[in-house]
Amino acid sequence: EAGVTQFPSHSVIEKGQTVTLRCDPISGHDNLYWYRRVMGKEIKFLLHFVKESKQDESGMPNNRFLAERTGGTYSTLKVQPAELEDSGVYFCASSPQPGQGIYEQYFGPGTRLTVT
Amino acid sequence: AQTVTQSQPEMSVQEAETVTLSCTYDTSESDYYLFWYKQPPSRQMILVIRQEAYKQQNATENRFSVNFQKAAKSFSLKISDSQLGDAAMYFCAYRSASGGTSYGKLTFGQGTILTVHP
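Which chain is which? The protein sequence lines are C and U, in order. If you read the first sequence in the numbering used here, its first letter stands for residue 102, the second for the next number, and so on. If you read the second sequence in the numbering used here, its first letter stands for residue 1019, the second for the next number, and so on.
For reference, chain C alone in the conformation it holds in the complex:
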């Protein structure tokens, strides 16, 4: 079974440009999460999809970030326009429909975003 995959693995863009990150969850996982780790700091939650719906987007930092999950499969996270403080590693995770149990979130390898 393929794990969570993310593309690209690394992106370097200039301030003001647009970048789109992609996450493919494990097949059949209804839940998809985005997290971000800014250099030297803790991993922070961005948002949670259940199928194609946004369950929780309380962690999205501002309206320059747009996440979509059309069709309830893969998800994209667009940053437009990128700022220097957006640099960091963006992680995606997925889990099966959990109910309220102590389920595991399976993480992808992350996309390292560098804004110069």
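No lab work stands behind these hints, which were simulated from the structure alone. Keep in mind that the hints are not guaranteed to be accurate.
[To be verified] Here are the in silico distance ranges between beta carbons for each label pair:
1. C:T177 <-> U:I1064: 40 to 48 Å
2. U:Q1032 <-> C:E186: 34 to 42 Å
3. C:E205 <-> U:M1107: 24 to 32 Å
4. U:T1133 <-> C:V139: 18 to 26 Å
For each residue, glycine too, the CB sits at the ideal point set by N, CA and C.
Once you've looked at the hints, dock chain U against the given chain C.
Just chain U now, with coordinates in the frame of chain C:
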């Protein structure tokens, strides 16, 4: 809001010995889940061990065990018989069990880099 603190940025251990990684958290909730995740260099994060707050018995997974002290809000990870493959960044994480829209959100600590010396 919940917070998770890992006060040890780096730890080291000799192969075959035991090491304990610290984690404390702050919450007003009574029902929650705690996790330890491991991220080896250039690899993805994987779950090491998990604990439900309502269970008094400490979770164990082979060489990994936790010391869960609910009153003290402490959740340390003990690695016994350390192996070279245990070298990684370890993250402690909290998730609410109380429902609401944020039921899926993991709150992480800052991470502890573990080095294993041969």
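Each hint tested on the structure:
Checked against the hint of 40 to 48 Å, the C-beta distance between C:T177 and U:I1064 comes to roughly 24 Å, which is inconsistent with it. For the pair U:Q1032 and C:E186, the beta carbons lie near 40 Å from each other, so the given range of 34 to 42 Å is met. Judged by the Cβ atoms, the range 24 to 32 Å given for C:E205 and U:M1107 is violated: they are separated by roughly 18 Å. Separation of U:T1133 from C:V139 is about 23 Å and conforms to the stated range, judged on CB atoms against 18 to 26 Å.
Hint compliance for this structure: hints 1, 3 are not met, and every other hint is.
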